[in-house]
Amino acid sequence: MNKAVAQQLEKAPNRKVYLSTIAIILTALIIWSFMGVNITGFDQRGTQIATNIFSGLFSPDLEFLFDFTSGGGVPGLLFETIAIAFLGTVFGSFLAIPISFLMSPSIVSRPVAFVTRLVVIFIRTIPSLVYGLMFIRVTGPGPYAGVLTMSLTSIGMISRLYVDVIENLDRGVLEAMTSMGCTTYQKVRYGILPQLFSSFLSVTIYRYDMNLRDATILGLVGAGGIGAPLIFAMRSYRWSEVGSILIGLVVLILAVEIFSNKLRERLVNG
Amino acid sequence: MRETVYDKIFKPKTYTLSNGKEVKQRASRAPFILLIVLFVTVVSGEVTGVDLSMLRTRGHQFIVILTAMFPPNFNFMNNVWGPLFDTIQMSLLGSIAGALLAIPFALLSSSNIIRNRLLNGFFKLFLSILRTLPTLISALIATFIFGLGTMAGTVAIFLFTLSYIGKLMYEHIENVDMGAFEAHESMGLSKVEAFRYAIVPDVLPTYLSVSLYAFEGNIRFAAILGYVGAGGVGLLLDERLGWRDYPSVGMVLLILMLVVFVIERISEYFRMKLT
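Protein chains in written order, with full-length UniProt numbering: chain X, 1 to 270; chain D, 1 to 275.
I should point out that these hints are in silico values taken from the structure, not numbers from a laboratory. Note that this is a predicted model, so its numbers are computed, not measured. For each residue, glycine too, the CB sits at the ideal point set by N, CA and C. Among the hints, erroneous ones may be present.
Cβ pair distances, simulated, as ranges [said to hold, decoys possible]:
1. Asp170(X) - Ile33(D): 22 to 28 angstroms
2. Ile36(D) - Leu57(X): 33 to 39 angstroms
3. Lys191(D) - Ile25(X): 29 to 35 angstroms
4. Asn168(X) - Ile33(D): 20 to 26 angstroms
5. Lys191(D) - Leu196(X): 18 to 24 angstroms
Input sequences plus hints: build the corresponding full structure.
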């Protein structure tokens, strides 16, 4: 080999020890996790249920799927889920605005930002289902509990993304406005808000996408949405009903995702 | 400037510049959007029965459970470790298996690697549909198929990880600069070799960091999977909440918080190193 090339190759950092340590740790972790999870194939009953679910998906309960009367059918339940996610996102994003300002180190002092961050981490770790149960004490079972849960659980992520937006504000604009003699109000109105607005909106729409998914599971604790009917249908082995709910859910979430992606693209590109 | 229907109703403002040129500024869409949002909010409020005064009168009920959790029942700590390790093992195994299987799926979905639009479209659609299913619901289905226990949770996490990493990776692979690949090929390397030396170094850091991120999130998910009987610490949470043994619930949440925090820190450290 060319001498220069060989020399250059030798200069490359030797990462064998580092990489092999990581490999050993990873292998150990994999073996450990295999020990913990008792791998069970599916028995006859499982296969039976799997086929039932599939046949349910392909022969859904059409009457249930297209029952547009209020409440009873899939469209009504999906509408309720949409409403829960929407209100939860709206409330959550409003609550996140002051929190995100309190979290960004360029606006408040470091200790304050750190404490707010800790509080937000604390809020975020409690599973949404636990919040659901807490709010059911306040409002009684129903979609309202779901709305409150969504508002609280979406604060964490929204405020973290808001902080990124705030930290990345283009300060040059503000300096330019100061040099032109603008007042503080004008600076906020024409320098800061236009920059924040579309990014905040984009984050909020993104979170709506996620909330819609999460809103479907709140039904598990009785906080409204399509989750509860799904579980009842499964527990009583009404597979065609399960099929129609799943189809409705997949179509709705896909549609919202495509729509929100389009909207966010337009927001970001102006 | 293209005029849309909106511009015809609300005429754009016209400015005449000093050189005689006319510039039009579109009327702001913000009021229109705000109106829609307001309308949807009101409708949603009707549907979900939102009643803000209830928050004032009964809001303290929310604090009741929270205060009951303090101080946490430290004697309960020994009961937490077993299910907690179950949770970690579940999410670890599910994440690793999902991340590994995501590679072929991502490759089959990227149009610059496999030049077959039908195949790409099929796998992309498959990943999207898989991603729409909330983890808890796939866990629920899995408990029916695999029986109650950690296996169901692992499968649910596996499916979610597969779809999540698969999507992010094919998006990344499709944006890889293919010039390096072509250069390697023109130097006489086979397609596989060119892939190994041109694409892999580009994609690998993202893949690892996305996988770590997915694992991080999966721990959080895994914690609630027990709710539908899919094993782990959620089972404990469900049971204790059912018995209204809130100090123990507080203990479970406290430990969960610590574990999630530590794992997030570790994974964040490695992700920072990767990028």
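The hints, checked one at a time:
The hinted range of 22 to 28 angstroms is satisfied by Asp170(X) and Ile33(D), whose Cβ atoms lie roughly 23 angstroms apart. Here the CB-CB span from Ile36(D) to Leu57(X) is close to 35 angstroms, well matched to the stated 33 to 39 angstroms. Checking the proposed 29 to 35 angstroms range against Lys191(D) and Ile25(X) shows it holds: the Cβ atoms sit about 34 angstroms from each other. Under the hint 20 to 26 angstroms, the C-beta atoms of Asn168(X) and Ile33(D), about 23 angstroms apart, fit the expected range.
Distance hint for Lys191(D) and Leu196(X): a CB-CB separation of about 47 angstroms, inconsistent with the stated range 18 to 24 angstroms.
The structure fails to meet hint 5 from the earlier list, while all remaining hints are met.
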